[in-house]
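Number of protein chains: 2
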Amino acid sequence: MTTRHKLRIIPLGGLGEIGKNMMAIEYADDIIVIDAGMMFPEDDMLGVDLLIPDLTYLLEHKDKVRGIVITHGHEDHIGALPYILPQIDVPIYATKLTQGLISVKLKEQRSLIKAKLKQIQPGVRFQVGNFKVEAFPVCHSIPDAVGLIIYTPVGIIVNSGDFKIDYTPVDGRPTDLSKLAQLGNEGVLLLMADSTYSELPGYTPSEKVVEDKLDHIIGSAPGRVIIATFSSLVSRIQMVINSAARHKRRVFIVGRSMRDTVKMAMEQGYLTAPPNVLCNVEDLKKYSHKETILVTTGSQGEPTSALVRIANRDHSEIRILHGDTVVISATPIPGNEALINRTIDNLFRQGANVIYGERSQVHVHGHGSQEELKMLITLVKPKFFAPIHGEYRHLVIHANLARGLGMPENHVFVLENGNILELDAEKGKINGRLPYGNVYVDGLVMGSMANVILRDRKLLSRDGIVVVIVAIDKKEGKLVGRPDIVSRGFVDFEHDGSIIEQGRELVASTLGGGHHTDYTSIQSRVKETLSKFFYEQTKRRPMIITTAIEV
Amino acid sequence: MTTRHKLRIIPLGGLGEIGKNMMAIEYADDIIVIDAGMMFPEDDMLGVDLLIPDLTYLLEHKDKVRGIVITHGHEDHIGALPYILPQIDVPIYATKLTQGLISVKLKEQRSLIKAKLKQIQPGVRFQVGNFKVEAFPVCHSIPDAVGLIIYTPVGIIVNSGDFKIDYTPVDGRPTDLSKLAQLGNEGVLLLMADSTYSELPGYTPSEKVVEDKLDHIIGSAPGRVIIATFSSLVSRIQMVINSAARHKRRVFIVGRSMRDTVKMAMEQGYLTAPPNVLCNVEDLKKYSHKETILVTTGSQGEPTSALVRIANRDHSEIRILHGDTVVISATPIPGNEALINRTIDNLFRQGANVIYGERSQVHVHGHGSQEELKMLITLVKPKFFAPIHGEYRHLVIHANLARGLGMPENHVFVLENGNILELDAEKGKINGRLPYGNVYVDGLVMGSMANVILRDRKLLSRDGIVVVIVAIDKKEGKLVGRPDIVSRGFVDFEHDGSIIEQGRELVASTLGGGHHTDYTSIQSRVKETLSKFFYEQTKRRPMIITTAIEV
Chain A
116 MTTRHKLRII PLGGLGEIGK NMMAIEYADD IIVIDAGMMF PEDDMLGVDL LIPDLTYLLE
176 HKDKVRGIVI THGHEDHIGA LPYILPQIDV PIYATKLTQG LISVKLKEQR SLIKAKLKQI
236 QPGVRFQVGN FKVEAFPVCH SIPDAVGLII YTPVGIIVNS GDFKIDYTPV DGRPTDLSKL
296 AQLGNEGVLL LMADSTYSEL PGYTPSEKVV EDKLDHIIGS APGRVIIATF SSLVSRIQMV
356 INSAARHKRR VFIVGRSMRD TVKMAMEQGY LTAPPNVLCN VEDLKKYSHK ETILVTTGSQ
416 GEPTSALVRI ANRDHSEIRI LHGDTVVISA TPIPGNEALI NRTIDNLFRQ GANVIYGERS
476 QVHVHGHGSQ EELKMLITLV KPKFFAPIHG EYRHLVIHAN LARGLGMPEN HVFVLENGNI
536 LELDAEKGKI NGRLPYGNVY VDGLVMGSMA NVILRDRKLL SRDGIVVVIV AIDKKEGKLV
596 GRPDIVSRGF VDFEHDGSII EQGRELVAST LGGGHHTDYT SIQSRVKETL SKFFYEQTKR
656 RPMIITTAIE V
Chain C
116 MTTRHKLRII PLGGLGEIGK NMMAIEYADD IIVIDAGMMF PEDDMLGVDL LIPDLTYLLE
176 HKDKVRGIVI THGHEDHIGA LPYILPQIDV PIYATKLTQG LISVKLKEQR SLIKAKLKQI
236 QPGVRFQVGN FKVEAFPVCH SIPDAVGLII YTPVGIIVNS GDFKIDYTPV DGRPTDLSKL
296 AQLGNEGVLL LMADSTYSEL PGYTPSEKVV EDKLDHIIGS APGRVIIATF SSLVSRIQMV
356 INSAARHKRR VFIVGRSMRD TVKMAMEQGY LTAPPNVLCN VEDLKKYSHK ETILVTTGSQ
416 GEPTSALVRI ANRDHSEIRI LHGDTVVISA TPIPGNEALI NRTIDNLFRQ GANVIYGERS
476 QVHVHGHGSQ EELKMLITLV KPKFFAPIHG EYRHLVIHAN LARGLGMPEN HVFVLENGNI
536 LELDAEKGKI NGRLPYGNVY VDGLVMGSMA NVILRDRKLL SRDGIVVVIV AIDKKEGKLV
596 GRPDIVSRGF VDFEHDGSII EQGRELVAST LGGGHHTDYT SIQSRVKETL SKFFYEQTKR
656 RPMIITTAIE V
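Keeping their order, the protein sequence lines are chains A and C.
Going by the working numbering, the first residue of the first sequence is number 116, and it counts up by one from there.
Going by the working numbering, the first residue of the second sequence is number 116, and it counts up by one from there.
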């Protein structure tokens, strides 16, 4: 087959991770977008609420964008939609549960756009521009997750989405290995696969391991069992319900977001419960401790979550009692470790027995380990390979796995966000990189936030701010009255108020007697004098701003 | 033996961790202090440099404090000395290397106190007030670490210090198990032991494992080897020197703090090198890549460290080349994960092969795992047990290990910092808790920092600050001129300057025409109006401060 155009693959979103939150696939006049996720800000992005992928490239080629295909309903794959749709209003293709989660998301954000949501079924091809797309089921830590097969004029692309291989998933929908094997025999041009856990040797354990462990804990706990997990981990909640029914316990869902998700998942049929197993929290007191299980959010130590309030004796209805067993059925998202550990410590302090951590096997993660990654490559037998979804080191390790399976060096591409991978049927190359930046969302203001704002916030957070106000006589250019000083986050007025008073005197004597016409010079003289004085007195360097008023 | 007084054990320092940084042991008119370490601030302690233990109790009983005994030379055991000695000037007892590190520390801080440093030898008893003390060697991730045997009128206390059991330590000084067994047979009243790794089953691997692994890497690396580790990990540096000599490579120490420690350790005899193995970085170019090893700091991703500058192509002399092997011979200190991962990613980007992580066995930690903890308890056979050095959950797990070995429930004490454990020969109980707070060190200002400062810094870091300056006519109480607004960290003046201008207009129209005598009312009206306006416009809530000047 000869093709006039090159196929272009562009990872567009991810903070550290590559191609995680958004990718574009382009051929001739058509662009298809995969996922539209948000990212959480890093520690030094002070006051930033969230980040979304840089849309510049898509906006520049807006007339080519034919649709957004979503692989699953996690925030890092759907969370940017409310911000993107007002700018790029194209159809969104997603499976049923994912669609439900997108609707909830858009409603939360009061998005005014009437999103064009199209429901897709695994195994049923649909057309997006000049691409044919088919979803295939994969296992991940949320139901209804899919990988994508994209039929392009140059060849077939397989994108794994977030995936692991689980022969005994709770929802009975294992990753479709025969479909992948069949494709492999037909010939796949490019495989793009999840590298999140490429550092881990071996296989990721099945959810069955967790099911057995949870069932054992629930069956043998001397009193109440409190299980904290992600609200999107519907299969984990299903396990708890099943186990509760077996051990004649009632399940109480604690916390609004957990209740909302459970309600939606029940309505859509992704969660089922025998009669009388799910109960209202108001009825908790009607049952003995041995008869109850509480399911709650807070597995990441989120300060406002039910579990954290319980751990801090701050919850209006639930107090930890001796004999309670608390299970943290989740792994820490990087950066949350300290919050989670503090919560576990406080639960122990209240007298609970807390079961947590990888060794306790009460959680398995949702991504494939090295042997699964090798299996995927081996089944799909792609001509070209591009590891995605992971930080740079994960991609390098995944690429090395592919090379270890015999793939030629120049058929394996380690990309960065913004890189343009160009492919024809015979060869591929990385052809440049878009000027790339994530977009901050801070309040309503969107756009790559001016670095000066973040820099100022960082300075403010270190040693606070001192604002000096001086009044200058319009005619004479002389200082009028005593300079005023306002400060925040610098010193404690009760104990160190005299430092501020001395600062005022110092400004008065620095500017007193002078004839001032140049405000810049006033500013720099005040700053110099006060910086020195404050540093000597406190070893702190607050931001110093002087404003002069003409009177 | 009858004793009139009770023995009191008080853990005094630790952020999360209990008894880690300072403990007090008190009998009648004598207090002995163990360790005097600093703590690093948590994420929400903005602008705080470091924390030291709360000294209130010791200052209130200053005339009773007889001495400070230091177990080893890590920052979290010696780092508070420069702040404590000016207030409590008592003798400091430490082994040779620890003493050297304390001297370096006091010199760095330009401490004016002439510290009374007393060198101690393991196995040689010394008197501190009415206590006899004897140090015994333990293995930890720094040489010359000791545990303490404290002979009190009530009985013998054993404090493990930070320890692990390593039969093949690099310095040939294993933990003195026979001494502990002998004590156990004589009868120990109380064991206090390191709980840092009580979550880990099994044994902590020996440094020998790391030695073999590093030797293999150094022997087979195709080019340069760059090894990042802690400068205090003298034994690790010794391994590298030994291996370099075997493989005919030269060792170059990169970075000032690493060079200082190596120099001190060589002078004191804790580090030895065959002739011509250690070379100056200036001579690096004289050798082929296969002949060189670089040892550097930066294993925690510290932004100004040599390794991070190398990873960012920001180092004046060293660039990563294809064929370089970088070894991260350290585990992340909790909270540093993101910085380290970013460094590893950047090293891969520069083309290095990076060897890192627990599975690669290029680092083992310095604390005992569960089997070692059980061994210690079994050998020492204490009457009472108090786990220390760890967060609350670690103490609970360690206490459960002791109970599992048959210790009676009421002989095992899980303490909090500030708890007073009172013991006589027959029984013990936790008798209350001191009002406890860590002391912040922020610049020169020490003392429990006013919470309002930290709260303000947090607010400032989120959405910045807006300062409104209005001039009010002294006689008429009328607004004079246009109100002025200064802001930082709130909006970008280039793009959003008009919001500030509109804010000025709004303040003018709010206050214009009025007769103002009450400044509090001016402040609250301005704040109310502007908060609402700014939130509508930006969804941000900057701190708003109004200052009124009489003219």
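Where hints are given, some of them may not hold.
Because identical chains share one entry, a pair is satisfied inside a single copy or across any pair of copies.
As the list claims (entries may be wrong) - No more than 30 Å apart at the CA atoms, straight line, and that leaves these computed lysine-lysine pairs for DSS-like:
#, residue 1, residue 2
1, Lys654, Lys177
2, Lys654, Lys222
3, Lys220, Lys498
4, Lys231, Lys654
5, Lys229, Lys121
6, Lys220, Lys654
7, Lys401, Lys378
8, Lys231, Lys647
9, Lys378, Lys589
10, Lys489, Lys328
11, Lys401, Lys647
12, Lys593, Lys177
13, Lys654, Lys229
14, Lys211, Lys179
15, Lys231, Lys589
16, Lys179, Lys593
These are calculated hints, taken from the structure and not from any lab test.
Legend entry - Hint check, failures only: 3, 5, 8, 9, 11, 12, 15 and 16
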